[in-house]
Each structure stands twice: as C-alpha cells, then as structure tokens.
Amino acid sequence: MYRSTGWELGDFSFVGAKTGGTIHREYALGRKRVDFLVKYRDQRIVIELKVWKGPLTLQEGLEQTAEYIDISNATEGHLIIFDQRLSKSWDEKLYQ
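Read left to right, the sequence shown gives residues 1 to 96 (my numbering).
Because the hints were derived from the structure by calculation, they are not lab data. Where hints are given, some of them may not hold.
Ranges of calculated distance between the beta carbons of each label pair, as one might list FRET restraints [stated by the list, open to error]: (1) Q59 - L86: 18 to 26 Å; (2) S87 - R31: 31 to 39 Å; (3) H78 - A28: 17 to 25 Å.
We put the CB at the ideal spot given by N, CA and C, even for glycine.
Take these sequences, add in the hints, and give me the full structure.
See the structure below:
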C-alpha cells in the first residue's frame with residue numbers, strides 16, 4: 001500500500017529545466033500545502049495527489065483541489081488518485 005504519493009511521481013525538476021517553468025513540491029498556501037504547483041509562463045497548475053481510501057476520496061480530493069486552485073489563483077488543477085484495489089480493472093481506475 002502506498003504510504004505517500006509524492007515520491008511516486010518522481011522528481012519533476014527536469015520538466016522545469018527543459019521548459020523554463022518551475023515545479024514546487026508541498027507549496028505553502030497560507031496554512032495549507034498543495035502537493036505540486038507548476039508555474040510555466042502565465043500558467044499556474046495545481047496537482048493534488050491522493051491514495052484511494054474509500055468512496056469519499058474522490059469527492060474530498062476534488063473539493064480540496066478546487067480550494068487550492070482558488071487560493072493559488074491557478075489556471076487549472078488536476079487530482080491524481082492512486083488506486084490499488086485489485087477488484088477494479090484498469091479501465092475502471094482510469095477516470096478523467
């Protein structure tokens with residue numbers, strides 16, 4: 001079982017180096033922290049990571065991501081949920 005999700009995505013510093021953007025991990029937003037905040041030109045992109053813990057994971061994750069988008073004035077946001085349930089097929093786990 002995943003204990004933390006951040007390391008699963010690896011080090012994205014190469015993306016910033018190749019594109020001229022920056023990627024901040026655990027970026028402070030007041031008393032809260034977004035997992036990743038990507039800054040590229042005029043874009044600010046929130047990326048929030050969650051581990052599937054039950055039916056509320058999606059709803060709470062979407063609410064948290066929306067809050068972080070508002071607080072950071074991001075242009076877009078993405079929620080990534082790591083789902084290790086063996087009972088679900090890959091097609092069921094992939095959601096957009």
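Cross-check of the supplied hints:
no.	hint	verdict
1	Q59 - L86: 18 to 26 Å	23 Å, holds
2	S87 - R31: 31 to 39 Å	37 Å, holds
3	H78 - A28: 17 to 25 Å	19 Å, holds
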